[in-house]
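Participant: The listed protein sequences correspond, in order, to chains B and W. Heads up: the first sequence is residues 1 to 157, going by our numbering. Heads up: the second sequence is residues 1 to 165, going by our numbering.
Do not take every clue at face value.
Claimed, not checked - Example chain W residues on the side facing chain B (calculated, C-beta under 7 Å, incomplete):
#, residue
1, Glu31
2, His34
3, Leu40
4, Leu42
5, Gly43
6, Gly46
7, Leu50
8, Ala63
9, Trp100
As the list claims (entries may be wrong) - Cβ-Cβ distance ranges computed for the label pairs, FRET-style:
#, chain 1, residue 1, chain 2, residue 2, range
10, B, Trp16, W, His130, 36 to 42 Å
11, B, Ala118, W, Asn5, 53 to 59 Å
12, W, Thr119, B, Pro61, 52 to 58 Å
13, W, Leu83, B, Ser11, 55 to 61 Å
14, B, Pro61, W, Trp10, 28 to 34 Å
15, B, Ser22, W, Ala131, 14 to 20 Å
Hints were generated in silico from the structure; no laboratory data involved. Computed from a prediction, not measured in an experiment: that's the story for all the values here. Heads up, the beta-carbon is just placed ideally off N, CA and C, and yes, glycines get one too.
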Amino acid sequence: MTDILASIEGSALAVWTRESPSIWGYPTILTLHTFGLAFVVGANAVVNFALLGFAPRIPIPTLRQLFPIMWWAFALNFVTGVLLFMSDATTKAGQWVFYVKLALIAVALFVARSESKALRRQGDAVVNVPANLRTLALVSLVVWTGAIVAGRLLAYL
Amino acid sequence: MVDVNSFVQWLGATPVATWLNQSTWIWPFCETLHFIGLTLVLGITGFFDLRLMGFFRRVSVAAARDLMPLALAGFAINLLTGLVFLTALPAQYAHNRVWWFKVGFLMLAGLNALLYETTLSAKVLALEPHADTPRSVKLIGLVSLASWLAVLYCGRMLPFLGDAY
């Protein structure tokens, strides 16, 4: 396992990500990861606070339109996240909080997919938000917040 | 005119600054809150800006505006935690060109919002729920969205573009 991680970290792509003096290397990859975070968790906040009743005048079916923003921003963060991991694979793979972050993101994606499905099933006629959708909304907000906390702790633990 | 250098020296020497620098966990704690706050500001404001620009027309501007208190809460978190960073390491920010750009974009976002609230908001709220917005309002939305993205860019790139880290 250590061998694999070391070879990932020593690969040309990882070395470039970590060591290139170019502004388009590490700084831009990290910044794109932050933009992706803002879009994923930001769009997610709009959806979930609306489901929880913070803006009752927003028609619930229209929230479906925000999911594509989340999926595209997540794709960006998957790619930039893989690059950031590769550039520091041996360290990151040894940090327990890294696995906590991955697990929280997995749960968050599963919740988002369940919400998206539930909203599609309900079609355009939704008036009240069913209780299970409210629960998912709350879980989603908590889990994404946890993922941010875990992500930040990666730099400190 | 306040002299930036003497202000930086004074702030960095305050007991609060010393206390912040001696703590191991205040910085990571505030930084994490700063990230949570930014998702609220960018997400909620971005959604409202997009509506002003004419997207999400099935949501009325008034309905999209209902979420704005959350964006203000996010901004309050980020203003407070940002002041913690500034107090702890004033030289790192005040001597950094990119930090001043960030402050500039924050002011642009603020003035743009003030302009909207004082001149256009009432007219827009009176529009039919699904109506398109006038061009002036679209421009307000675009300026807001662009300035917040620029704030995020300057903040994240501070250690890489700046000259005093």
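Participant: Are any of the numbered hints broken by this structure? If so, which, sorted upward?
Facilitator: Going through the list in order, the structure violates hints 2, 7, 9, 10, 12, 13, 14, 15 and respects the others.
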